[in-house]
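**Student:** Let's have the full structure, built from the sequences with the hints guiding it.
Here is how the chains run, residue by residue.
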Amino acid sequence: MSVLLVLLLVVPLGSALLVLLLPAARGPRGEPLVRTIGVSAGAVTVLVSLLALTRRPWSSTDAVLEVDVPWIPGLGARMHLLLDGISAPLVVLTAVLGLLVVVLVTSGASSPRGSRGLVACLLAVEGGALATFTAADLIVFFVAFEVVLVPMWAVIRWWGDPHDERGRRDAATRFILFTAGGSVVLLLGLLLVVAASGTTDVVALVSRQGDGISQPVQLTAAVLLLLGLAVKVPVWPLHTWLPPAHTAAPTAGSILLAGVLLKMGSYGMVRFVVPVVPDGFARVSPVLGALGVVGIFWAGLACLVERDLKRLVAFSSVAHMGFVALGIASGTPQGLQGALFANVAHGIITSLLFLVAGGLKARYGSADLRVLLIGAGGGLRDRSPRLGGMLVVGCIAGLGLPGLAGFWGEFLAVYGAWQADPVSTGAPQGFWRTLAALAVLGTVLASAYLLRVLRRLWHGELEDGAAPTEPDVELVRSAQGAPSDAAHVDPAMLESGARAAPHLPRDLRPGSRWRRDDASPVEVVVGLPLVVLSIVPGLLPWLLLATTEPAVRHLLAVDRGFV
Amino acid sequence: MNTVVAAGPDVGDIAWAARFVVVLPALAALAGAVVPRQYRTTISAVGVGGALAALLAAVTELAGTGGSTVAHSVALLGPAPTGAGTIDLTLRADRLSAVVAVMVCVVALAVQVYSVAYQCDDQRYRAFASVVSLFTAAMLLVVQADDLLLLLIGWEVMGLCSYLLIGHDSERRAARHAAVKAFLVTRMGDVGFVLGIVTLLAAADTSSVSRLLEPGTLERLSTAQVTAASLLLIAGVVGKSAQLPLQTWLPDAMEGPTPVSALIHAATMVAAGGYVLARLLPVLAQAPAARAVLAVVACASMLAAALAAFAQSDLKRVLAWSTISQVAYLLAGIAVAPPDLGAAPAVMQLLSHAAFKSLLFLCAGALAYRVHTTAMGRVADGPSLAGSWARSPVTSVLLTVGLAALAGVPPLSGFWSKEAVLGAAEVAALDGGVDGAGSLVWAGWLVLVVGLVTGFVTAAYATRAWMLVVPSPADVPAESSGAQLVTDDSPPAELLPSVPRRDPLLHAAVPPAMSWTLLGLAVPTVLAGLLLIGPVVPGAIHLSSLTGALATTLALAGIVAAGAAERFAGRRVPGGASAADRRGDPVLVLPAGVRAFLAGGFGLDAVHHALVVAPTRLLARGVTVGDHDVVDAYPRGGALLARWAGVALRLTQTGRTTGYLGALAAGAVVVALAGVGLR
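From first to last, the protein sequence lines stand for chains A and Z.
Going by numbering that gives the first Met the number 0, the first residue of the first sequence is number 0, and it counts up by one from there.
Going by numbering that gives the first Met the number 0, the first residue of the second sequence is number 0, and it counts up by one from there.
Hints listed in this document are in silico derivations from the structure and should not be mistaken for laboratory results.
Please read all numbers here as calculations on a predicted model, not as lab measurements.
Any given hint could turn out to be false.
One side only, chain A facing chain Z, incomplete, derived with CB under 7 Å [what the hints assert, rightly or not]:
no., residue
1, V38
2, P540
3, H553
4, A556
Footprint (simulated), chain Z over chain A, 3 or more residues, beta carbon under 8 Å [as the list claims (entries may be wrong)]:
no., stretch
5, 189 to 198
6, 301 to 309
7, 323 to 336
8, 412 to 421
9, 443 to 451
Ideal placement from N, C-alpha and C gives every residue a C-beta, glycine not left out.
**Tutor:** Laid out in structure tokens, this is it:
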């Protein structure tokens, strides 16, 4: 039994309870305590996850980091946790993002509700996600998968966009209904697998590679499991909960949503579908691949005309997760490697973009590209070079530029789809190669919409190259909640932007020595690691690929001749 | 080039040299980006120092590899396991990479030194110098890469750098537009490039160029695989090297600062496409169909771009179109490369083009430094380059040298390299080309004929550019009546203010950093022909006195024709113009409609818009509507259904006992009837 693995879950979940229950943490006077507990819990979790890496969990298929104790004897379920090469990158990513969001909410923007509940929710989400990524038992996986939902709902519902009460409620309800609906289907699939195979243990299921489960049952189980997980990924057309959720969620929530929650779906596919019901999965995989590619195009096209920056980044998530779906669907080692790489890369890059988008929204009261530009009084390039720099790195990495993190996952997913096996998947090679070619074309779309963002925000170009008009002034004012006075449009208003914007990060309030237009120290502290992480895996892809490779080969039973 | 990958005695030095060639400018880019903005001298020193250090490393590499045909594989970032193999991410040090790396470093150094003066009051000089360093590093990565994916990294990072540099003056809408256009159009071509790499990777199971070129590897692949891969790679090259029909981004890219144009055209992006094909020549050799396509595309681009260059009214645009035409020579040389000559003619053209094109662009910048425009000839209400001789005689002489090299006047570099390409075409045409099977005879003839004709047009547009820039309008005989505005059918000069707008008094003379750079670049422009006899260019060159004489005659004819056209145009244009507007423009011999068609780039922008941009926009609008009204209609409908069901079911919950009893009785009756019926 691995102490590290236990600590990995107990620290964030325990701290969440502590923050919630400790009387001293209540009220405004408890804020420093909340911050101390939250940040130290996040930091300890990062430390534990890094210590876990020193045990080289990827180097062998024998579990070096494992917990296996009886849990629900009636169901045959055991508390079986396992950290291997596939989990390791996601665990580290979750821990790092968990720390960053806690830092962000405890030293950054204030909320009238205080940060106690928010920190507790974020830590609970982190702990639940870590449990999901280490679960080696179907029941444990399902429970962990569900644990995350309620705190995330609360984050969106209570700490979301302060300007839009109704939108927040709607988005939170959508989020919970979609994902809970998916969970029902997922549970049916899991129970079907358990009933057919007689075990809930994933290690056993993987080593059997679907032996003993009849073809129709495999197919049914694969459909149910994929459907349930696809809601979370989200795969087109089950994505409509994501843009509102991201728009309404606070920056910290968006980061966890994009960086951690979406990954639970794709991780579930890799771990609990591909090796567990391989024949059934292979039959469904052409559909999954095609839906992934449709998502790439659908979301990419939507991004081309989307005006709200946060919605745009959310849609781009759908496109990026389309590559993940394509890679998984290919059923090849390259495709799975690509999907796992893209998972992590997307988590980093999208977090960076949401950090910038959230920061801009907090400053100027809206994430509308036009309002932001007018509010900022010009392109970020000169006005706010640090925020602008982060935006550039995020966009360039997001469009999959080779040499940055976004590239390798997408390339390997395409490569995998190119190599997909026409016999087992039942789809002709031409079909898979068409999907691969279309996916590459989708990267051009990604370039188009992300360069559009840069052209608007970084270069500072209004829609038609025109000067701000009177309706723009109205837009900015209403975004700022200032009383509108149409009779007197003061051009200086455009310059000053949203001076009175509420919910400013603490270190940007009046009297602070930092220029409020540019990134605050907290934003730099949170953003810099994300910038570095957006670049390093792109230059040194083996960092991730060598970690996941043995486990991927194991899951696909490559060395046993199944592929 | 059937080179062997082997470890020689001095392989350690060569390996480090190859790594330094790539890494040093990259480090300079990083370092330059973090130096505080106000330390301009430090920033300049980092930029220039990075290029200089890379040059030293490249020269070391050349010294180690120059004499031999051995290639060294050098580990850099990899290997990365894909789950079914590895991606090595190695560098390759051999004669070809060393020669081209030296060329890239020389041009990069020239651009860095030149920009210290040229960008002297640029508020964003730090970003500029840093991105130029990154650009250099990316090109050197392409040059040194032994792995197709490493090559792709350099290839695309160059795209990013071109985006950043073309849009450097982002205050101007045209610059922003050109930047996005350059990135998107080249990335469109890169769809093919990426898929070509995937095809090769899937077929040969390796992304290593060395292993791909090993004897036996390519023979294992089917013709269909090699042809598909070659065609896809060529698609990427067509985008990056701005060949028809993806050339539209290059003339617009003149919105970037002039040193950037020199970098993009001479040493990096545009040249990269030709270099990659030269590197992968053995792959193309297996795919005659792909080579035929390449020959056709190159010939079309060669001639069309030369004609377009003839009709431009801005010196930088003339040079931009001439790049398309000259790089097409390079690609044509690859398309018809005979087996014993290899890519040598193309590499020769690459090197000489780099020399004279960087000289020409930097001369244009230096001339514009005084007048703040790159418009040629007479411009109605504004300054133009006309009469540069009176203002900057030395720069004018150097510009003349560069234009003469472009026109292929012997014995300048452009003459020799063009001869090399035409010689290769002649071999292909007469001896039956690569396989001796006669598959490329027609391609050889095509390249030979179109190459000679283009030589004529090239000489004509170079002469025209010279006439509109160098001589003073005053030394034109008074009887030739002037035109009103020679730039009537081209974008007005104010669209191209890629020249710093400064107080003219501050810049009375061209600073020494710029003039010395120009002088330095003039040396290879004149002397690059010596490379032919040196051991520097890998492979051999075939020169034929017949094509040489023919080409020279045609070039001279082009010069004479331009002169004659000028006289003719001067007479034909109606008078009534002021004394300053007396000189005729040779292009006026063409009908106005033809002029507009050529100057506007054959209307391909409109075609792109109609075929790609407009449909994409339409689809995007459709998707936005569809996302809300179709895809999301189902969940919303589901929610609505649930609510209605709730409302309907609530009606039954009245709370009145009589109602419930009635329903119970009715139910009992129904059940009873059903029981009776079923029996």
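**Student:** Does the stretch 323 to 336 of chain A contain three or more residues whose Cβ lies closer than 8 Å to a Cβ of chain Z?
**Tutor:** holds (count 5)
**Student:** Taking 7 Å as the limit, does the beta-carbon of A:H553 come near enough to a beta-carbon in chain Z?
**Tutor:** Violated: closest Cβ of chain Z sits about 11 Å from A:H553, beyond 7 Å.
**Student:** Against chain Z, does the stretch 412 to 421 of chain A show at least 3 residues with beta-carbon separation below 8 Å?
**Tutor:** holds (count 4)
**Student:** Checking C-beta pairs, does the stretch 301 to 309 of chain A have three or more residues closer than 8 Å to chain Z?
**Tutor:** holds (count 4)
**Student:** Is the interface hint for A:A556 satisfied, with its Cβ closer than 7 Å to some Cβ of chain Z?
**Tutor:** Where the cut-off is 7 Å and the nearest Cβ of chain Z is about 12 Å from A:A556, the hint is violated.
**Student:** Tell me if A:V38 is really an interface residue toward chain Z, meaning its C-beta lies closer than 7 Å to one of theirs.
**Tutor:** Cβ of A:V38 sits 28 Å from chain Z, so the hint is violated.
**Student:** In terms of beta carbon proximity below 8 Å, does the stretch 443 to 451 of chain A have 3 or more residues touching chain Z?
**Tutor:** It holds, with 6 qualifying residues against the three required.
**Student:** Take the shortest C-beta to C-beta distance between A:P540 and chain Z; is it under 7 Å?
**Tutor:** With a minimum Cβ separation of about 4 Å from chain Z (threshold 7 Å), the hint on A:P540 holds.
**Student:** Test coverage of the stretch 189 to 198 of chain A by chain Z using CB-CB distances below 8 Å; three residues minimum.
**Tutor:** violated (count 0)
In terms of the numbered hints stated before, the structure departs from hints 1, 3, 4, 5, listed from lowest to highest.
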